[in-house]
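**Q** Quick note, the sequences are listed as chains H and D, same order.
In terms of this note's numbering, the first sequence opens at residue 14 and continues consecutively.
In terms of this note's numbering, the second sequence opens at residue 124 and continues consecutively.
Be aware that one or more of the hints could be misleading.
[To be verified] DSS-like, lysine-lysine: derived pairs with alpha carbons at most 27 Å apart:
id	chain 1	residue 1	chain 2	residue 2
1	H	K293	H	K274
2	D	K352	D	K127
3	H	K109	D	K516
4	D	K193	H	K74
5	D	K399	D	K418
6	H	K234	H	K157
7	H	K293	H	K263
8	D	K314	H	K81
9	D	K307	H	K55
10	H	K55	H	K281
11	D	K493	H	K109
12	H	K292	H	K281
13	D	K314	H	K38
14	D	K272	D	K259
15	H	K74	H	K38
16	D	K314	H	K55
17	H	K16	D	K314
18	H	K109	D	K314
19	H	K81	D	K516
20	H	K74	D	K170
21	H	K157	D	K493
22	D	K272	D	K158
23	D	K314	H	K74
24	D	K221	D	K259
25	D	K155	D	K171
26	H	K292	H	K263
[As the list claims (entries may be wrong)] Sample of chain D residues with no beta-carbon within 10 Å of chain H, all distances over it, derived:
id	residue
27	G181
28	S189
29	V512
30	Q557
[Claimed, not checked] Each pair of labels, with its calculated beta carbon distance range:
id	chain 1	residue 1	chain 2	residue 2	range
31	D	V355	H	P80	22 to 32 Å
32	H	L121	D	P316	30 to 40 Å
33	H	P27	D	G440	38 to 48 Å
34	H	Q103	D	G441	12 to 22 Å
35	H	L121	D	K127	55 to 65 Å
36	D	E249	H	E25	46 to 56 Å
37	H	E156	D	P383	54 to 64 Å
38	D	G137	H	A198	39 to 49 Å
39	H	K16	D	K259	55 to 65 Å
Calculated directly from the structure, the hints in this document are not laboratory data.
From the three backbone atoms N, C-alpha and C, an ideal C-beta is built for every residue, glycine too.
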Amino acid sequence: MAKITFDGVEVEVPDGTTILNAARKIGGGIVPPAMCYYTPLKGSGGKCRACLVRVAAGSAKDPRPMPKLVASCVTPVQDGMVVENTTSQQVLDVRKGIVEMLLINHPLDCPVCDQAGECDLQNFAFEHGVATTRYEEERRTFEKIDIGPYIQLHMTRCILCYRCVYTADQLTDKRVHGVLGRGDAAEIGTYIENVIDNEFSGNVIDVCPVGALTDKTFRFKQRVWFTKPVNAHRNCEHEKCSGRVVLWYKGKDVLRVTARKDEYGEVKEWICNTCRFEKKETADWTIEGPAHVDRTSVISANHYELPVVNPQVIADLPESSVRDLENNPPLKLGAGRQ
Amino acid sequence: MGRKLLTEHINVPGIDTFEVYRKHGGYRSVEKALKTMTPDEVVEEVKKSGLRGRGGAGFPTGMKWSFLAKPEGIPRHLVCNADESEPGTFKDRELMSKLPHLLVEGMITSSYALGANTSYIYIRGELLYVLRILEKAIAEAYANGFLGKNILGSGYDLDLHVHPGGGAYICGEETALLESLEGKRGNPRNKPPFPAVQGLYARPTVVNNVESIAAVVPIINDGGEEYAKIGVGRSTGTKLISACGHVKNPGIYEIELGVPVEEFIYSDEYCGGIWKGRDLKAVVAGGSSVPILPKDLILKTAAGENRLMTYESLSDGGFVTGTMLGSGGFIAMDETTCIVRNTWNFSRFYHHESCGQCSPCREGTGWLEKVLHRLEHGHGHMHDIDLLVSVAKQIEGNTICPLGEAAAWPVAAAVRHFRHEFEWHVTHAKQAAQPGAVYPAQGVLA
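Please construct the entire structure, taking both the sequences and the accompanying hints into account.
**A** What follows is the structure, given as structure tokens:
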């Protein structure tokens, strides 16, 4: 076991745990954002640099600070490590820079993007970015590509997190999915637009942090915050498919089916394409109840409200009506309900 | 005339054949190491020599070797990084094409020291003709019993392979090189784990530059202490410098570390001064990625001392007034050089060569290039100059591999030392946009 201090909070985790996972054990607002790291995918992480943290003391044995900021998602903890995330101005400044870098070639077409509302990049930019851009040049654009009957790839929005590449590599049998080109000309490709043809290809939609890979059966159907998520399951014949999903309702219609995500937007149980794309009737499913919506989603109310409230307004309110955030933090995701 | 340890026989006709090379004292180090020394003694000798990595970072080679993990039953590897593609650096190409046996000899001795039974030379894809030369040298070494099973009856086996890359600059980064050697896309890996623990095929691996490995040969022949006598302070031995740009005699020079920069530029033994009788304007001392320095700072440090060709002297003053020895790609620029155009050209290179894996480098290198392009072509604004510094700062230190820094440093340094020239490109936009336009020399402007 290793004991580390993360933003002043002590936590004990098994050896070999990454700093990010140690922070997630503490939970709450001090967890570094992660745009490319995805726990179930081996080898993911280290690419987006959103989770950079400062290691103020390397370990109990060697308490020197690390010379550079490190990617918390791939750096293992060491006993006695002291990590600064939100308590370090350097980290916050760098993170602002990372948002800027991720956005300079992003189309910012959130108003027409299906991912809006549950987009990691949108949340990340909202929390750490600035409202204006210093980028005056032309943005990189690509043609939209249909990969198979269900999935559309819109590379223009892609932030090259490599999550879908690892998904295609580790989850599916025939790998026809990878990164072509290099530098800012790199793109997710399916070798001359080969169709990703297997039963688990739909999971690349769930792992995509932005709107680069979208569900063609759901495109432009509805803004996600107008839909109601409901947990449901069915006995899927496919042995690798868990059959446990979230149905997104608008009225009585199931508009889309996704895998269940945890509080950090990570899928823990993959589902097959039959469950995802073919079963869109309530009668196909056993309903469990309303799904808990994660902390970062606009679907869950109040997430974006706090920063825009004038502090004076809060100060003027009677004490009993102000939520003591310090001692009663907002309901932690995944706590209680599943 | 300085001592030449590596290139003494470089101009002997037929030195690329085994017989001639052997006649000139070749493969003595292999005999000495395998017959009279233990692997640890070889490592110790390299440590004593104070040899520092010649690829750019200048990390002590002996120390790097001693970090190699040695778990039981897992093979170890030595990989030679011959993916030399830094603009301005061309020393390894010359060494390999003229003296292929020197590298092979160094590989055998070094592999013996590390206990590696399979070693690789990863060579840049464009150097296909050098690959053929090396393959021929390796075949000759096999035929003469210096490679293969039971070398010289010592019971030590070694197989040596040459592998060409696809010509990507990024594959000169050691972990990207290993990925590429494994047959994957050349993306740098996250560290830790370091190659010394998990390198090629997840086995402990040492990656060394061509020149570092070649330098092991004279170290073993003459002894580490003898090697350490050459040079100044912690910069020991000789170094190949590839001089290019506006000097009278561009080429590759083997210098004893500690030669004054002024002597290196102006002495007839080396560069012979600046061509066409012009004045020196700036120098990039160690390959395109190190900070550029104006004439007064490259000849003398900020404290007024003579700058020497050593790791310490060149980096005196940090990045504010110093630079780095780097890989020894010495680019001199005369007074007619446009620094903005030159910086743009460097930036274009890094933009093209970024692997695109991590966001600051992928997006930032392109951004830098576009802003510099704009400035150079007369469409820039004053605020662009600060933007360059700011973007460079956002890349630096936040990337997976050092390519981010390599892209950021030259831009930041050019603005630091030649801000007036960037400003001139904004205020005299029309003039600057003319082909061949040059910022007027200091005296003309006044």
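**Q** Which of the numbered hints are not met once you compare them with the structure shown?
**A** Every hint satisfied by this model.
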